[in-house]
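**Student:** Sequence:
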Amino acid sequence: MNRKDFLLALDEMLELDPGTLTGAEELDSIDAWDSLAVISFIALVDEKLGHVVEGEKLVRAKTVEDLIGLAGIAVAA
90 MNRKDFLLAL
100 DEMLELDPGT
110 LTGAEELDSI
120 DAWDSLAVIS
130 FIALVDEKLG
140 HVVEGEKLVR
150 AKTVEDLIGL
160 AGIAVAA
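All residue numbers for the sequence shown refer to my numbering, where the first residue is 90 and numbers rise by one.
In short, the hints are calculated from the structure, not lab data. In this text, a Cβ means the ideal position worked out from N, Cα and C, and glycines have one as well. Errors might be hidden in some of the hints.
To be verified - Across the chosen pairs, the derived CB separations fall in these ranges: (1) E145 / D106: 27 to 37 Å; (2) S124 / T152: 11 to 21 Å; (3) G108 / K137: 16 to 26 Å; (4) S129 / R92: 15 to 25 Å; (5) K151 / R92: 10 to 20 Å; (6) P107 / E145: 25 to 35 Å; (7) L116 / G161: 27 to 37 Å; (8) S129 / K151: 16 to 26 Å.
Whole structure, please, built from the sequences with the hints as guidance.
**Tutor:** This is the structure:
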C-alpha cells in the first residue's frame with residue numbers, strides 16, 4: 090500500500106470525502122478522530138499492512154503524517 094492509498098483508506102475510515110487528507114492535518118482538528126477511530130486505525134494497519142501499532146507510539150501521534158509513519162508507509166511512496 091502506498092501513501093496515496095493509505096490516505097484514501099484513512100479518509101474512508103474517518104468517513105471523509107476521498108482526497109480530504111494530505112498528511113499535514115493535526116489529529117485534534119479532525120472531528121472524527123476519536124477513540125473508535127484509534128481502534129479502527131490499529132485494525133487498518135494490522136489488516137492492510139500486517140503489523141501492530143504500539144499504543145504508546147500512537148498516543149504521541151499529533152498529525153496524519155505521524156500516523157503514516159506509524160503505519161510504516163515510505164515517504165516517497
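**Student:** Next step is simple, just say for each hint if it's right about the structure.
**Tutor:** Now the hints, each set against the structure:
Between E145 and D106, the C-beta spacing of about 32 Å keeps the proposed range 27 to 37 Å intact. For the pair S124 and T152, the beta carbons lie near 18 Å from each other, so the given range of 11 to 21 Å is met. Between G108 and K137 the CB atoms are about 18 Å apart, so this pair conforms to the stated range of 16 to 26 Å. Taking 15 to 25 Å as the suggested C-beta distance range, the pair S129 and R92 conforms, at roughly 19 Å.
Checked against the hint of 10 to 20 Å, the C-beta distance between K151 and R92 comes to roughly 18 Å, which is consistent with it. Taken as a hint, the range 25 to 35 Å holds for the pair P107 and E145, whose Cβ atoms sit roughly 31 Å apart. Between L116 and G161, the C-beta spacing of about 18 Å breaks the proposed range 27 to 37 Å. The beta-carbon spacing between S129 and K151, approximately 18 Å, falls within the hinted interval of 16 to 26 Å.
Hint compliance for this structure: hint 7 alone is broken.
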